[in-house]
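> Produce the entire structure from the sequences given, and follow the hints as far as they go.
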Amino acid sequence: MSTWSRHRLRTGDEFRAVTRRGVRSARSHVVVHLALLPEGPEAPRVGFVVSKKVGNAVVRNRVTRRMREIIRPRLTALPACSAVVVRALPGIDSQPFAQLETDLAGALDSAARKLERRNEERARPATSTAGEPSTGGPLTDEVGASTGKSER
Numbered sequence: 001m002s003t004w005s006r007h008r009l010r011t012g013d014e015f016r017a018v019t020r021r022g023v024r025s026a027r028s029h030v031v032v033h034l035a036l037l038p039e040g041p042e043a044p045r046v047g048f049v050v051s052k053k054v055g056n057a058v059v060r061n062r063v064t065r066r067m068r069e070i071i072r073p074r075l076t077a078l079p080a081c082s083a084v085v086v087r088a089l090p091g092i093d094s095q096p097f098a099q100l101e102t103d104l105a106g107a108l109d110s111a112a113r114k115l116e117r118r119n120e121e122r123a124r125p126a127t128s129t130a131g132e133p134s135t136g137g138p139l140t141d142e143v144g145a146s147t148g149k150s151e152r
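In our numbering, the protein residues as written are 1 to 152.
Treat the hints with care, as some may be off.
With a Cα cut of at most 25 Å, we get these calculated SDA-like pairs of lysine to any residue [claimed, not checked]: (1) LYS53 / PRO90; (2) LYS114 / VAL59; (3) LYS53 / ARG10; (4) LYS52 / ALA17.
It is worth saying that the hints were derived from the structure and are not from the lab.
If you're wondering where the values come from, they're calculated on a predicted model, not measured in any experiment.
Rendered as structure tokens:
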């Protein structure tokens, strides 16, 4: 496999998993979804979504090539087992390369920070305001079992 092919997202299920489970960050002409997919390979993987609203096939392929070249040097900065979906929005074809690079890098950095924050929050145990472990919220009875009803 070539260097780039091992970094590709291939199936619709992989794209769906990233967009549904991951964090999202947007800029004027690009949206970045970032997720950790532990069931996949260690190498970070990237997929591009460029719809027909962006332009004809020539324009879409040019946009994809430009985004791929922007992402390529940033692959080493991504966490292991991470997956990225980059969605191009209409008007991206008229963006100068430098502006596209700034937008994409900013969105990727923002998504990475959001993912890191989310993982830190999940790593911390849930605590109430008094510092004691939470009993599970308003849908639990005195013993902590779920009642299925909210208290009104």
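> Each hint should be assessed against the structure and marked as holding or not.
How the hints compare with the structure:
no.: 1; hint: LYS53 / PRO90; result: holds, 6 Å
no.: 2; hint: LYS114 / VAL59; result: violated, 31 Å
no.: 3; hint: LYS53 / ARG10; result: holds, 22 Å
no.: 4; hint: LYS52 / ALA17; result: holds, 23 Å
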